[in-house]
Amino acid sequence: MPQDKELIEQIIKRYDEDTGMLIPMMQDLQSECGYLPVEHLRYMGGLLKVPMSRMFAVATFYSSFRLAPKGAHEVTLCMGTVCYLKGAPGISEAICQEFHVEPGGTTRDRLFSFNAVNCVGACALAPVMIVDGKYYDGVNPKSALEILHGLQPTEDSTETDTKEAVK
Amino acid sequence: MIRASTKFISANDIERFVQEFHDRADSASKVVRICIGTGCAAKGSRRLYELFCEAAKRSDQDIRVEAKCVGCHGFCERGPIVVVEPGEVFYQQVEEPDVAEIFRETVLGGRVERIVLIGNGRFDPTQISDYIVEGGYSALAKVISSMTPEEVISEVEIAGLRGRGGGGFPTARKWRSCREAKGSLKYVICNGDEGDPGAFMDRSIMEGNPHSVIEGMLIGAYAIGSEQGYIYVRNEYPMAVEHLKTAISQARDMGLLGKNILGSSFSFDIRINRGGGAFVCGESTALMASLEGRTGEPRAKYVHTVESGLRGKPTNLNNVETWANIPQIIKRGGEWFAGIGTEKSKGTKVFSLVGNVVNTGLVEVPMGITLRRIIDEIGGGIRDGKRFKAVQTGGPSGGCIPAEHLDARVDFDELTKLGSMMGSGGMIVMDENTCMVKVAKYFTDFLHKESCGKCTPCREGLSQMLHILDRITKGEGEVDEMEKLERLAELLEGTALCALGKTAANPVLSTLRFFREEYEAHILDRHCPAKECRGLFRYQIDPEACKACGICLKNCTVNAITGEKKVPHVINQEKCTLCGACWEKCPFTAVKKV
Amino acid sequence: MPTVTIDGKRIKVKKDATILDAANKVGIWIPTLCHHRALSSDASCRICMVEVDRGEWRQLVTACNYPVRRDITVYVSSERAKQARRGVMELLLARAPESRELKELAERMDVMQTHYPTVTESQRNCILCGLCVRVCEEIIGQAAIGFVGRGVDRAVAAPFRQPSEDCIGCGVCAAICPVGTIKIRIHPDQQEVEISPFKSRAKLMVCRECGTPIVSSEVSKQVLSKIQINWEEFRESLQLCPKCKRLHTAGKLTSTIANKTGDREGVY
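Chains as they are written, first to last, in numbering that gives the first Met the number 0: chain L, 0 to 166; chain F, 0 to 593; chain E, 0 to 267.
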């Protein structure tokens with residue numbers, strides 16, 4: 000936490016301590032830490048003189064905020080109308096079943112975080128799955144699972160049971 | 000390529016810059032423009048750009064070739080898109096092997112072909128000089144040097160511009176109200192929180208032509224008397240954020256944003272805020288709450304935001320496309336703009352045409368064009384030879400329009416009469432295999448998840464509607480539930496706090512109006528006519544198409560299929576669990592849904 | 000001063016007064032839930048819908064926060080307004096089926112039952128009116144609880160759903176809750192007060208004579224800090240429960256009288 004105190008102070012200074020920029024501040028914090036740790040939010044709220052109830056309200060209102068650590072990879076599935084009509088729910092179900100993860104959550108071995116979002120604006124490529132910023136077009140349950148099984152765990156997510164997951 | 004390092008200190012500087020550019024640069028006689036919008040970039044267009052650059056360098060002809068990255072045309076379905084000028088020769092689905100051929104034939108050969116082009120793909124959105132050389136910021140120069148704020152508003156009034164985000168409110172009237180509101184501190188906001196699934200007009204504009212938005216805001220701020228602007232961009236559009244940031248930074252460097260712009264007393268700057276992932280933040284008061292660092296909950300609009308908006312100050316909020324129209328209106332005049340479109344809906348509109356059409360992408364057409372022309376002529380009709388069933392317009396606040404109304408003209412008012420709306424321009428085309436009850440459920444579910452939850456009718460009402468629709472799609476619906484849905488819809492429309500809640504029932508209402516027989520089939524016959532709702536249709540093997548290969552039999556987990564070599568296979572409906580494995584696996588599409 | 004004609008009755012109100020203010024003045028009852036005159040108006044419950052005449056059409060608006068700026072005509076008892084209010088109440092009854100207070104209000108509105116099933120899983124019996132959140136923030140100044148989540152999963156909770164560190168156990172949230180969902184629980188053995196369902200606890204001050212819990216220590220501390228008084232006897236008397244305080248005062252009175260009149264014992 001000590002070194003992160005500086006990080007939070009930097010973020011607040013970046014936006015001139017303007018509480019109106021709370022959401023960009025939280026976005027910057029999440030960029031650095033991968034999620035919004037409770038203690039960091041407490042410290043930030045303390046510096047900005049924003050009550051914790053409001054910090055928590057904002058952190059839980061917006062879909063892009065995460066209160067739990069994310070995985071080594073970021074997997075986003077578009078659930079916009081066109082993708083939906085072209086079978087996105089089936090792909091989502093397949094991913095959830097195969098990897099025991101829920102939309103908005105992270106796999107147990109922290110291999111990847113799975114998000115279902117509304118339209119990413121690439122409707123011609125439907126159904127669209129984005130892995131670490133790379134767009135995969137026209138995916139189906141089978142191809143999506145193949146892509147995800149090919150993900151390598153990075154240094155960050157090494158835990159004793161990661162080897163099991165890679166098998 | 001001229002580096003934009005000059006700082007403009009007066010209105011004439013812009014014209015001089017353009018002049019110098021033309022005098023100095025040995026402008027290339029051929030230019031190859033490669034689209035690097037999200038859609039094309041995902042298909043490798045950046046690599047194409049590299050290849051074209053190499054080819055240009057290697058070229059030992061007298062012709063000078065220049066490759067440029069440009070913003071999204073909107074023809075994403077056919078990407079990557081490459082355009083060669085002069086001649087506007089348009090190439091689609093370009094792959095690496097094509098580069099050599101295109102270069103040889105068109106760039107050096109000069110074959111001319113003319114196909115549809117959208118104004119967007121003309122210049123590199125990350126180079127401000129491109130925008131200026133094509134006439135950008137000349138409207139701003141005109142405004143600052145020769146027009147009063149009231150004259151600017153009059154010009155927009157003559158143009159008859161109406162908000163492009165869905166509301167369709169007359170822009171000049173909004174600007175004037177904001178200008179006349181009490182207080183010297185005023186804000187202008189650009190609403191880039193394009194949340195309608197299937198709509199990506201604003202994304203294209205922000206990515207491909209960010210300066211048009213900045214220039215529009217500058218002109219609006221000048222007219223209203225504001226010095227601070229915000230662009231609120233949806234979190235899911237990273238490239239739009241990046242290009243806007245670059246554009247703003249370049250504009251600042253050249254003195255087009257900041258203090259004393261072009262040597263006048265007018266100062267204005269813009270800040271970009273990214274959304275946090277909430278559809279409801281597209282609603283103006285929710286957006287402003289978000290800009291204040293709070294949860295995006297709308298508030299009552301009995302006192303309009305032009306009087307009391309962001310932080311209680313007079314605020315003018317307009318959509319991306321609305322702002323992007325302003326520079327042209329000032330440059331070419333309000334009357335020119337009013338000459339396009341219909342009597343009450345002036346100008347053009349960008350539509351995103353997606354779904355079961357041959358060509359999906361963006362189209363910009365004059366208002367008043369019929370749905371049929373958009374879908375057939377521009378969209379190329381329904382793909383895979385299927386029949387048209389409905390077109391969903393206006394996003395989750397809109398409705399579905401059936402074939403009998405395809406000759407309806409698309410503008411602010413006509414589609415509303417049919418129980419839908421033009422909205423922000425999203426058009427989702429659906430073919431005969433689409434279950435309209437499922438479509439209604441999809442939109443209701445979407446709104447249910449995105450509702451802020453503040454007011455009772457939206458939060459509870461949508462839950463109740465979703466509960467009913469879910470039961471109907473499972474074959475558990477009751478006859479009186481259609482009426483219940485209509486009553487709930489009426490309740491939402493009358494009592495919900497914001498536009499999201501008030502229009503939330505439109506998808507259900509419009510499908511009940513035009514496709515009631517599908518609801519009745521689900522409820523009374525426990526059957527889904529479009530054969531999409533699991534459990535509400537059966538699988539049957541067509542004896543004429545069946546080749547008795549036995550694949551279906553092998554894959555049936557409950558042994559419901561019987562058959563031998565050369566004998567058409569049969570599904571035992573009593574045993575069948577409707578899993579659909581046989582339908583998926585049959586190589587002769589002999590398994591039919593009935 | 001604009002005039003409001005409400006169900007035929009005319010009344011002048013100050014500019015920016017609400018329709019609800021006007022209705023109160025002429026004695027016309029409009030049901031409310033999320034409104035409280037001591038707090039800002041959110042107009043989130045939508046139970047106070049009325050119709051405003053717009054010439055060619057009538058607009059449904061919330062009475063509690065619609066500002067009157069010019070002469071207007073309002074219909075409270077029109078069919079459309081009544082239907083709107085009843086529809087909202089039916090949705091609320093489905094949401095909070097166990098609230099006695101809500102049922103009473105519904106009956107007063109002629110809504111005897113709801114046609115909707117209870118479909119919400121989260122936080123039943125809370126109608127999300129936000130009065131508890133607003134009173135804690137605006138009046139008490141602690142902001143110990145707030146809204147969490149979005150849409151149907153929206154709930155009122157303490158930060159991170161842990162007992163709030165900012166809660167002083169004053170119980171105003173329980174007092175203001177219109178459906179009786181928030182409750183105060185006293186835990187005498189631990190000398191603590193708990194606000195349910197937030198699980199927040201605060202230490203109680205007990206009577207130094209008889210040990211009965213009086214008030215949360217934190218509230219007492221805050222009150223004392225706001226009252227500029229140096230009178231030590233006052234501070235001491237705060238540590239007694241009402242009963243002991245009366246005995247204490249009576250004792251002092253009798254001894255005062257006794258001293259004045261010599262050794263005569265008597266109580267007036």
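It is possible that part of the hints are untrue.
Using C-beta positions, here's what the derived DEER-type ranges look like [to be verified]:
(1) L:Gly137 x F:Gln539: 24 to 32 Å
(2) L:His99 x E:Cys209: 31 to 39 Å
(3) E:Gln58 x L:Pro102: 37 to 45 Å
(4) E:Lys11 x L:Gly45: 33 to 41 Å
(5) E:Ala37 x L:Lys12: 34 to 42 Å
(6) L:Gly45 x F:Arg45: 30 to 38 Å
(7) F:Ile339 x L:Gly137: 50 to 58 Å
(8) L:Lys12 x F:Glu149: 15 to 23 Å
(9) L:Glu145 x F:Val569: 29 to 37 Å
(10) F:Asp268 x L:Gly137: 36 to 44 Å
(11) L:Pro102 x F:Gln539: 48 to 56 Å
(12) L:Gly45 x E:Ile228: 27 to 35 Å
(13) F:Gly338 x E:Asp70: 27 to 35 Å
(14) L:Gly137 x F:Val302: 21 to 29 Å
Simulated crosslink set (DMTMM-like; lysine to aspartate or glutamate; CA at most 25 Å straight-line) [stated by the list, open to error]:
(15) F:Lys343 x E:Glu164
(16) L:Lys85 x F:Glu376
(17) F:Lys312 x E:Glu217
(18) L:Lys48 x E:Glu164
(19) L:Lys48 x L:Glu73
(20) F:Lys300 x E:Glu164
Calculated from the structure, these hints are not laboratory results. Backbone N, C-alpha and C fix where the C-beta goes; we use that ideal spot for every residue, glycine too.
Now for the hints, and whether the structure bears them out:
no., hint, result
1, L:Gly137 x F:Gln539: 24 to 32 Å, "29 Å, holds"
2, L:His99 x E:Cys209: 31 to 39 Å, "58 Å, violated"
3, E:Gln58 x L:Pro102: 37 to 45 Å, "40 Å, holds"
4, E:Lys11 x L:Gly45: 33 to 41 Å, "49 Å, violated"
5, E:Ala37 x L:Lys12: 34 to 42 Å, "38 Å, holds"
6, L:Gly45 x F:Arg45: 30 to 38 Å, "45 Å, violated"
7, F:Ile339 x L:Gly137: 50 to 58 Å, "37 Å, violated"
8, L:Lys12 x F:Glu149: 15 to 23 Å, "42 Å, violated"
9, L:Glu145 x F:Val569: 29 to 37 Å, "35 Å, holds"
10, F:Asp268 x L:Gly137: 36 to 44 Å, "43 Å, holds"
11, L:Pro102 x F:Gln539: 48 to 56 Å, "35 Å, violated"
12, L:Gly45 x E:Ile228: 27 to 35 Å, "32 Å, holds"
13, F:Gly338 x E:Asp70: 27 to 35 Å, "42 Å, violated"
14, L:Gly137 x F:Val302: 21 to 29 Å, "49 Å, violated"
15, F:Lys343 x E:Glu164, "58 Å, violated"
16, L:Lys85 x F:Glu376, "24 Å, holds"
17, F:Lys312 x E:Glu217, "38 Å, violated"
18, L:Lys48 x E:Glu164, "15 Å, holds"
19, L:Lys48 x L:Glu73, "33 Å, violated"
20, F:Lys300 x E:Glu164, "36 Å, violated"
When each numbered hint is compared with the structure, violations occur for hints 2, 4, 6, 7, 8, 11, 13, 14, 15, 17, 19, 20.
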